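*Asks:* Each chain is listed here by its residues.
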Amino acid sequence: MFEELNDLYQQVIMDHSRKPHNFGILAGANCCARGKNPLCGDQIQIFLSTEDHVVKDLRWEGDGCAIFKASSSLMTDAIKGKTTAEVKVLFEEFHSLITTGKMSEDHHLGKLAVLSGVNRFPARVKCALLGWRAAMSALEGNPQSVTTE
Amino acid sequence: MFEELNDLYQQVIMDHSRKPHNFGILAGANCCARGKNPLCGDQIQIFLSTEDHVVKDLRWEGDGCAIFKASSSLMTDAIKGKTTAEVKVLFEEFHSLITTGKMSEDHHLGKLAVLSGVNRFPARVKCALLGWRAAMSALEGNPQSVTTE
Amino acid sequence: MSTRPALSGYRKDFPALHQKVHGHPLVYLDNAATSQKPQVVIDALSNFYQCDNANVHRGIHELSHRASVAFEKTRERAARFINAQHTEEIIFTRGTTEAINLVANAWGSDAVKEGDVILLTEMEHHSNIVPWQMLARRTGAKLAFIPVTGDEGLLDLSRIDEFLTSKVRILALTHISNALGTINPVSELCAKARRMGIITLVDAAQSAGHSPLDVREIGCDFLALSGHKMCGPTGIGCLYGRLDLLETMSPWQGGGDMISNVDFHESQWNKVPHKFEAGTPNIADTIALHAAMDYLDEVGRERIAAHDTEIGSYAFEQLKRMGKIRLFGPREERSGLVSFLLHNIHAHDVVTFADQQGVALRGGHHCTQPLMKKLGVSSTSRASFYFYNTTEEVDHLIDVLRGIQKFFGE
Amino acid sequence: MSTRPALSGYRKDFPALHQKVHGHPLVYLDNAATSQKPQVVIDALSNFYQCDNANVHRGIHELSHRASVAFEKTRERAARFINAQHTEEIIFTRGTTEAINLVANAWGSDAVKEGDVILLTEMEHHSNIVPWQMLARRTGAKLAFIPVTGDEGLLDLSRIDEFLTSKVRILALTHISNALGTINPVSELCAKARRMGIITLVDAAQSAGHSPLDVREIGCDFLALSGHKMCGPTGIGCLYGRLDLLETMSPWQGGGDMISNVDFHESQWNKVPHKFEAGTPNIADTIALHAAMDYLDEVGRERIAAHDTEIGSYAFEQLKRMGKIRLFGPREERSGLVSFLLHNIHAHDVVTFADQQGVALRGGHHCTQPLMKKLGVSSTSRASFYFYNTTEEVDHLIDVLRGIQKFFGE
Ligand SMILES: Cc1ncc(COP(=O)(O)O)c(C=O)c1O
Ligand SMILES: Cc1ncc(COP(=O)(O)O)c(C=O)c1O
Ligand code: FES
Ligand code: FES
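Protein chains in written order, with the numbering used here: chain A, 52 to 200; chain B, 52 to 200; chain C, 26 to 435; chain D, 26 to 435.
Quick caveat, the hints were computed from the structure, so don't treat them as lab data.
Among these hints, one or two may not hold up.
Claimed, not checked - Okay, derived cross-link-like pairs now, BS3-like style, lysine-lysine, Cα gap no bigger than 25 Å in a straight line:
id: 1; chain 1: C; residue 1: K45; chain 2: D; residue 2: K98
id: 2; chain 1: B; residue 1: K133; chain 2: B; residue 2: K153
id: 3; chain 1: B; residue 1: K70; chain 2: D; residue 2: K431
id: 4; chain 1: D; residue 1: K296; chain 2: C; residue 2: K398
id: 5; chain 1: B; residue 1: K153; chain 2: C; residue 2: K98
id: 6; chain 1: C; residue 1: K431; chain 2: C; residue 2: K349
id: 7; chain 1: A; residue 1: K107; chain 2: A; residue 2: K133
id: 8; chain 1: D; residue 1: K45; chain 2: C; residue 2: K98
id: 9; chain 1: D; residue 1: K349; chain 2: B; residue 2: K70
id: 10; chain 1: D; residue 1: K138; chain 2: C; residue 2: K138
id: 11; chain 1: B; residue 1: K133; chain 2: B; residue 2: K162
id: 12; chain 1: D; residue 1: K98; chain 2: A; residue 2: K153
id: 13; chain 1: A; residue 1: K70; chain 2: C; residue 2: K349
id: 14; chain 1: A; residue 1: K107; chain 2: A; residue 2: K139
id: 15; chain 1: D; residue 1: K398; chain 2: C; residue 2: K296
Model, not experiment: these values are computed from the prediction.
So here's chain A without its partners, still in its complex pose:
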């Protein structure tokens, strides 16, 4: 019935959305932030512990759609262990992927590439970005609420 959606809602995405990784609260986090998607009202809270500009550990909490949950879960897997600089590059690659569908030849997206289908669903781009925006604002030391706009 939903062939056109097999691409957007791939098995990996369904799995992550049902059993999100790094879900919960991180005691001893040294930076954290909240984010909100104004279109639906869904919210995220993210906790990171960094050392020497490296993301040592992180957790997130929040409820929302499958795309949001999968994207946030995959994001936390992807940035754990990375430096702030690497995370920034990755975010830019990811942002370009889900808004245009394009990846550069030397991208570092790895598993994140499963979200490439989002670009054909403009109304859902904000879902895929919500977790990322929160993470970026936490890393920039900006704990106040960000929105996906």
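Given chain A, work out where chains B, C and D with the ligands should sit, using these hints.
*Replies:* Leaving out everything else, chains B, C and D with the ligands in the frame of chain A:
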């Protein structure tokens, strides 16, 4: 060029509008009123001297379109010497004439009938009524400004 | 009535319904957001612009005369549509939102004082909350909310007399909830309020094109509606206000047409309703609203109301049968919309999936965030019907929802 | 430009122009009140309602997506149309009047205090006077007016520095006068005002569709325009506001879409421009405004401006030659309208006579009563042109006016 307007702007109307009767101020008037046509901003001031419910004398001042001036001039001729009750009847006959074009068999309109063409020009009905409205409100002891609405 | 076609016969009048979306025939179930438009309304717009277009009022030339007459005829038509006593009781606005803002400003700024209470209900649309919050902030008044019972979405009237205190200046409430499908007992509540000397405003955005509407029977002082939800164009709506109230109110917006005299430093206002209509109005859409009202009365608003109840209840029952679903709104006497959450599946995923099958649903807070928070959800999915929707479309919706449940492994 | 048809070639695009009125071909010379609409604009409306009609924002389904994209594309188009720096600087309103009311409320209520001065000119339209009178009344501010020289209708700028005092908070003035045809030196005045820290608002109702318009070159803080005077539908217009100003302003109307979060007792506002657009907007007319802007730029706004000057001056000269006429507005550098009084013949008699010959004129105070009083008249007759008007139409107007003079024995 203006055949269709020969009816509305009859010679009598043109004459009255150029040389309005009873024009000016009446010293010793015992009732007076102002009127205004909100559509164009034109105004009238009317002065009546009545005795035992009879309009003994009257004058009016104001500037406006030909229809307004002719109608006011004809009105003053028509009501001079009439009782308040007669004026009321006349006003109703006149109002019906210029809004519907109809006259009852036993009407008292006399020369006022030359204004019958106004009913085909709805935007100009207020012009023909302005003087009348002011006169009626003066007779009702209502000196404040009336409008043609 | 026997000569009128079945409601489904009117479907052909709506060009937008006859298209495919993502390869599937469109099933438009977002009518609470805006209805589709019959060809006669679209034609009314084209005809106006092609034949009679001119600015209204103060114009003497033929086109201006035609436009002015058609514009003011719509006012008469609107008065008849809601059984107002006087034509002047109709003020044209952009829609329900502007109408409520007009009251909150033109009436509220003079009538509401510090310590006064503005009484709303927990199920109000943002458009019937935020203007009052802004008025409360300006004046020092307070808001109070008649509670909603819970998922079944009824007004809890058990303590209504405690709410209707002598401090309450206005009771503003929705006739039909766009988030729950509840039909509120507005006549009863307006009568109670009136006995207390409380002004009443009914938000008829969801009821205006869905059932007969009689302001005198409801007994409200103000009523607001939007043309676009009742077969009319976007950009036009009406505020009804009781004549004697309107006459005492100050104007809100200033400009052309709302004045009788302007001097450099002060002005006098025009008569009601013009006092409240500043500037060139939305002429063409007003005239097209006339066509929409005529069309709705040709279809028959009693029939539309009956169809709403029927299709709304049918959809509600079918959804209940599906299982693994949380349903909002009353079990009985409901209007033509259903609001729900499939277990473990987000409202927006549902809408995206449905859209791929050509089914247009809405997901979100439906501009009722306070209600959503009270119900403990951030959003719901909503299917809202109009007289051109069929039970076959409901069946298709149910199939699609079952498919979604299967896809998500529920 | 060489490939574009002559301006008269566009006449065929306007269905309303091709009709007879009272047995004569229509000569539509009431464009300052509202312009006629080209078929592409009418088609944009029909197409939207027939294919894409849905409510905007927050909607995920296909139709809602299409409507939202087209709606927001119009904002981008409007920003380009007036060369705004940011798309968010465009706020959709019903027209110029609502735009000015928005500024007088959302900006004025916070920024204007007792003793402050609101500086206008004597030639303003009621829509750019009354909202400021209301603001002055609320705040205790005062109005001041830059004088007009007399019948030739120029701003008397000889004492402008005395007017631009440190008490002035805002200078709000019209770009082109709808009663005189004067084109005001808005860039110059805005620059002077800016040096004094005075906020500026330009009323572009008469200029928006008649000449290129560049808010950065003008250097104003706010600019207001109406779609219906520039080939667009009624019911839609724009307010331009400088982004940093808009961001500091409180909202005006409350309701759906202008919020980011609503609780029972308080709310947070959405970002600019949505903060200023409460409720369902006038979606279809906004999208049709896009078509109107495209159309105007296809015709070429420089060409329209040149044609305005040409036909306006031609008409002015022809009228002067007639004799027994009082002419208003500047002899030179005028826009495409003429305002006049035939000796001893009332403006409304002129309009009634012209109408019988198919010529649509406007008579009255043109919503500029204070100016009329200053000029010592209660009304004037006005012929206002657009690019589809021809010199032959002007000649016909002159013939008709001569006929009227003859009829009245002048
Ligand atoms: C100079 C000027 N300002 C303001 C307005 C008001 O525009 P609108 O009636 O479209 O709001 C007009 C048009 O009548 C105008 O000519
Ligand atoms: C109950 C209710 N009130 C008010 C509104 C606001 O109507 P509009 O957006 O047309 O102003 C709506 C529609 O969204 C509604 O459903
Ligand atoms: S719908 Fe809320 S984040 Fe996707
Ligand atoms: S036009 Fe003013 S009274 Fe006739």
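*Asks:* Going straight from one Cα to the other, do K98 (chain D) and K153 (chain A) come out at no more than 25 Å?
*Replies:* 24 Å, holds
*Asks:* Is it true that the CA of K133 (chain B) sits at most 25 Å from the CA of K153 (chain B)?
*Replies:* 23 Å, holds
*Asks:* Given the hint that K153 (chain B) pairs with K98 (chain C), does the C-alpha gap stay at or below 25 Å?
*Replies:* 24 Å, holds
*Asks:* For K107 (chain A) and K133 (chain A), compute the direct alpha-carbon distance and say whether it is at most 25 Å.
*Replies:* 8 Å, holds
*Asks:* Would you mind confirming whether the straight-line C-alpha gap from K138 (chain D) to K138 (chain C) stays at or under 25 Å?
*Replies:* Roughly 22 Å separates the two Cα atoms, so the pair holds.
*Asks:* Quickly compare the C-alpha distance for K296 (chain D) and K398 (chain C) to 25 Å and report which way the hint goes.
*Replies:* Judged against 25 Å, a Cα distance of about 22 Å means the pair holds.
*Asks:* For K45 (chain D) and K98 (chain C), compute the direct alpha-carbon distance and say whether it is at most 25 Å.
*Replies:* 24 Å, holds
*Asks:* CA of K349 (chain D) to CA of K70 (chain B), is that 25 Å or under?
*Replies:* 20 Å, holds
*Asks:* Check the hint pairing K133 (chain B) with K162 (chain B) against an upper bound of 25 Å on the C-alpha distance.
*Replies:* 15 Å, holds
*Asks:* Below or equal to 25 Å on CA atoms is what counts here, so check K398 (chain D) against K296 (chain C).
*Replies:* With a Cα-Cα distance of about 22 Å, the restraint between K398 (chain D) and K296 (chain C) holds, given a limit of 25 Å.
*Asks:* Next pair to validate is K107 (chain A) with K139 (chain A); report whether the Cα-Cα distance is within 25 Å.
*Replies:* Holds. K107 (chain A) to K139 (chain A) sits at ~16 Å (cutoff 25 Å).
*Asks:* Verify the proposed pairing of K70 (chain A) with K349 (chain C), using a straight-line Cα cut of 25 Å.
*Replies:* 19 Å, holds
In summary, this structure violates none of the numbered hints.
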